[in-house]
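*Asks:* Spelled out from the first residue to the last, the chains are:
Protein chains: 4
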Amino acid sequence: MQPASAQLLIHCPDQRGLIAAVTDFIARHDGNILDLDQHVDAIQGVFFMRVEWELDRFQLQREAIADAFDQACGQPYSMRWKLHFSDQVPRMALFCSKLSHCVYDVLARCQSGEWNVEVPLIVSNHEDLRPVAESFGIPYHVVEVTPENKPEAEARQIALLREHEVDFVVLARYMQILSADFISRYPERIINIHHSFLPAFAGARPYHQAHQRGVKIIGATSHYVTTELDAGPIIEQDVARVTHKDSVEDLVRKGRDLEKIVLARAIWHHLGRKVLCYDNRTVVFG
Amino acid sequence: MQPASAQLLIHCPDQRGLIAAVTDFIARHDGNILDLDQHVDAIQGVFFMRVEWELDRFQLQREAIADAFDQACGQPYSMRWKLHFSDQVPRMALFCSKLSHCVYDVLARCQSGEWNVEVPLIVSNHEDLRPVAESFGIPYHVVEVTPENKPEAEARQIALLREHEVDFVVLARYMQILSADFISRYPERIINIHHSFLPAFAGARPYHQAHQRGVKIIGATSHYVTTELDAGPIIEQDVARVTHKDSVEDLVRKGRDLEKIVLARAIWHHLGRKVLCYDNRTVVFG
Amino acid sequence: MQPASAQLLIHCPDQRGLIAAVTDFIARHDGNILDLDQHVDAIQGVFFMRVEWELDRFQLQREAIADAFDQACGQPYSMRWKLHFSDQVPRMALFCSKLSHCVYDVLARCQSGEWNVEVPLIVSNHEDLRPVAESFGIPYHVVEVTPENKPEAEARQIALLREHEVDFVVLARYMQILSADFISRYPERIINIHHSFLPAFAGARPYHQAHQRGVKIIGATSHYVTTELDAGPIIEQDVARVTHKDSVEDLVRKGRDLEKIVLARAIWHHLGRKVLCYDNRTVVFG
Amino acid sequence: MQPASAQLLIHCPDQRGLIAAVTDFIARHDGNILDLDQHVDAIQGVFFMRVEWELDRFQLQREAIADAFDQACGQPYSMRWKLHFSDQVPRMALFCSKLSHCVYDVLARCQSGEWNVEVPLIVSNHEDLRPVAESFGIPYHVVEVTPENKPEAEARQIALLREHEVDFVVLARYMQILSADFISRYPERIINIHHSFLPAFAGARPYHQAHQRGVKIIGATSHYVTTELDAGPIIEQDVARVTHKDSVEDLVRKGRDLEKIVLARAIWHHLGRKVLCYDNRTVVFG
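Residue numbers (the numbering used here), protein chains in the order written: chain A, 1 to 286; chain B, 1001 to 1286; chain C, 2001 to 2286; chain D, 3001 to 3286.
For reference, chain A alone in the conformation it holds in the complex:
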């Protein structure tokens, strides 16, 4: 077990002295920096930074860090920032439909200890994956969604998320479109996996579209969900080579492996508090 650390994500208008101010704040209280990464968007004039430092021997109590940082750096430099602690275990809700591959993959990573995350519940609009959930010992809630009952269904889903104090939601090939209201409650906290190399083949049946177009490479894209379909900030993408020999079914099969890997990497970045959204794009610190 790693000792606890503080993780700070910052963005603000670019200006001189930003890194010096933040690192001086940490050094003044005897913090040991474990990792620092920064980025300047020179076109937009925006500064981005992630810094992580050991809490052990740090001279400020956890509770006091936020206020002290805001006074020392946040307000003087008009920063928008978030503070996390590495030993706060995030709580993830998994939404799925009938396809099992991403669900197995995510749960196997949780169970094997690869990820430090709690999964208090799985939500689905179908019964199909209940045995999978049960084999991992995770409560499985079926909330049927129809065009008619969508508001009530989402209200029920949101109640479940609140009840289980969920921090973020993963749509593991969940085939329903969430309403703007639902999305607005979890901004930059709903991660989707889309089975194409976005922006190519957005929408339905991307593997059919890809086969029809005769592409030589297929892809998968994980992104934060926004109200515009398949258009949110991209967290991770990957691709696989295909040939004329591959039928639509072959694309589906090869695509499953891409979807698993790409979704897993996106969740990994999110769990490490490595992702910052800006201007509908992501900064993913290394």
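Hints are computed from structural coordinates only; laboratory data are not their basis. Worth double-checking, as some hints may not be accurate.
As the list claims (entries may be wrong) - Result set (DSSO-like, lysine-lysine): computed pairs, CA atoms no more than 27 Å apart in a straight line:
no.: 1; chain 1: B; residue 1: Lys1245; chain 2: D; residue 2: Lys3082
no.: 2; chain 1: C; residue 1: Lys2082; chain 2: A; residue 2: Lys245
no.: 3; chain 1: D; residue 1: Lys3082; chain 2: D; residue 2: Lys3150
Unchecked claim - Selected chain A positions facing chain D (Cβ under 10 Å, derived; list incomplete):
no.: 4; residue: Asp14
no.: 5; residue: Ile19
no.: 6; residue: Ala42
no.: 7; residue: Ile43
no.: 8; residue: Lys274
Small disclaimer: the values here were computed from a predicted structure and weren't measured. Even for Gly, the Cβ is constructed at its ideal location relative to N, Cα and C.
Given chain A's structure and the hints, the job is docking chains B, C and D onto it.
*Replies:* For chains B, C and D alone, coordinates are given in the frame of chain A:
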């Protein structure tokens, strides 16, 4: 130097006995098959095949092969087919504008003997790359193209292609759109390189589009030119990873290497008579 | 469900008329070829072929095919060949130790119907993964292996394989070295996953070796087991990019995804009877 | 043209306050940081950093920066550091033998302005590539190397490098092994391209070795030359997929593209002063 071989590309309605008929034709005349690859599009019911055999000791004269094959196989099975001989050196015209990277790369491959191809001329709408052409000893023709003179400019280009008995045309980042008339004269014989992972970011300024969308991977696509812009049959694609740190200029720089490689591979497949077009897609035999 | 087909894998000294002879045999009995792939090793003068055809409407009974083929082609051309039928479901034994990632991945593929395979048992030298096996409903046999009891342990394992009529064995990060005697009983039928890009970093602790050497790319290799450690015919490899930021633990984490994917692809090729071994290398038909 | 910037590469024992000290030094003199990247090797307890800031409006003269930095940071923290300025154009010598692909590729990048580098001379042990050098207008020096004349040949090469004030040397498939004496004069300043995925297939004829072993992926590796053959710090690697169909000649052909790309990326990192060597590995800042 490899001994000469015959290369046959076939497609026809799928039916029993096709491979047996073709290979029997070759075996009956003592041909030794060097390579055979076939593919069936089960959905469309179409059979595709490429077979290559040694001419040495083959009992038919070159001139007699086409007729004999058509009688033995082509007509009975309603085949569409093309016959090539490996020692016929194709003649390629290179079209370019101001960017040099693909031109250098293509010419270096020709000059070093990597490819068995003649380049009788380079055509450009700008003077810029004349020194490059001259350093490789290749005639460089500037044909200025404006909205007003386009028909005459193309007539001049076509006259040049005819005069030099050009078999196929490579657009090495040539920034002009060819007319439907021009394209119809070289069906499946004009190879373009587009600097995106098509169908994403078709049209102008794909790297700007990619940067704006925040993709994590960029691509390049080589395709045969058809009358619909950037929508012809894809021959080859490849991709490279990018991050938030990459500016548009970085995408352009990384993309150049993709463009060179992808265009070169597409030309390589074309030179080997390995590409068959069908239904706006390609079969690229391995 | 696809209708049943026959799958024939052949290798023999290269000579004229081979493809014609085989395809004529199939055509004569009204077989419809679904896929044919061939390869000639020009240096060694060896011909390789895989052909698959529909059994429906084929004029020979299954039981009669082998003899008829041997008479028509096998003996005249000195072929070594294997005949399979696509509806014979292979039986796979999974060997594991303590690491769960490959086991989860393989079992999830079996359970979801991605693969057409039976897994009658899992064998391990540790108790750790019993719950995983049980959650998939597969019998789990612990056979402890020590330097002292190795012959008896292997005898017990072989008895289990026989009892369950196992066709092939998958070593899913099984940390024991099999004896030459064990291996000789399952030639080209034991698939291992090694966590490096072989032949680099054979043997123990490849991720430590890779980190020490400072490579920028790590890999995984799936191969048939032979008596020389990590030196059997390679079926599949893949790689992932790493940087100086990646600790050994990061390599282990990134490598797990490689191991899963590479092992799964190797098993997929094996299940499709697409792999031919020759001269300690593989021909993997596309 | 970008305005001039200062580039500082640092490594030292890890300790608290390092980043604060360096960034405070820059901020105190009104420097605007363009890019900062750092890395801690937690196992070895070593801190690495690269920082780049604008010289425009920086309150120290160029000549004064080194001393001031050494006093403020270098000595107090026992740092080893190098200071560069972005407008100092490095001078590169290209060594080659008979193969032209890397030479064309490197020179085309220099000529097109992709790289900001001077190439005052090309050195070869053969006459073959003189026309290539001349077409780019670069002096070409043939220094024949035999087992007998090696010391004198190297003395002549070193004299050429000195006369032309060369900063670093690129071995573009130069087929001779440099002596320890030569290497010691250009530590971490001789870049080689090896045509395999090191450490696999070090030494001679790596493509033959790769074909013999039956690998499914080939690679290329660019590294700084040290006295141990093919064992220096790796700067960059990349790979390409091959199949059983690829002969040794195909590996050579596919490998050429890898060699070009990998060598170019390594030179790009070196030109940007992004590479730090430590413990026979590299830190390549992003």
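*Asks:* Evaluate each hint against the coordinates.
*Replies:* Hints, one by one, checked against the model:
1. With a CA separation close to 24 Å, the supplied pair Lys1245/B and Lys3082/D stays within the 27 Å bound.
2. Taken as a hint, the Lys2082/C and Lys245/A pair is honoured in the structure, with Cα atoms around 24 Å apart against an allowance of 27 Å.
3. Note on Lys3082/D and Lys3150/D: the hinted pairing is violated, with a Cα-Cα distance of about 33 Å set against a maximum of 27 Å.
4. Because the smallest distance between the Cβ of Asp14/A and any Cβ of chain D comes to about 8 Å, under 10 Å, the interface hint for this residue holds.
5. Hint status for Ile19/A relative to chain D: holds, with the closest Cβ pair at about 4 Å, below 10 Å.
6. For Ala42/A, the interface hint holds, since its Cβ comes within 10 Å of a Cβ in chain D; the closest pair sits about 8 Å apart.
7. Because the smallest distance between the Cβ of Ile43/A and any Cβ of chain D comes to about 14 Å, over 10 Å, the interface hint for this residue is violated.
8. Given the 10 Å rule on beta carbons, the hint for Lys274/A is violated: about 14 Å separates it from the nearest Cβ of chain D.
The structure fails to meet hints 3, 7 and 8 from the earlier list, while all remaining hints are met.
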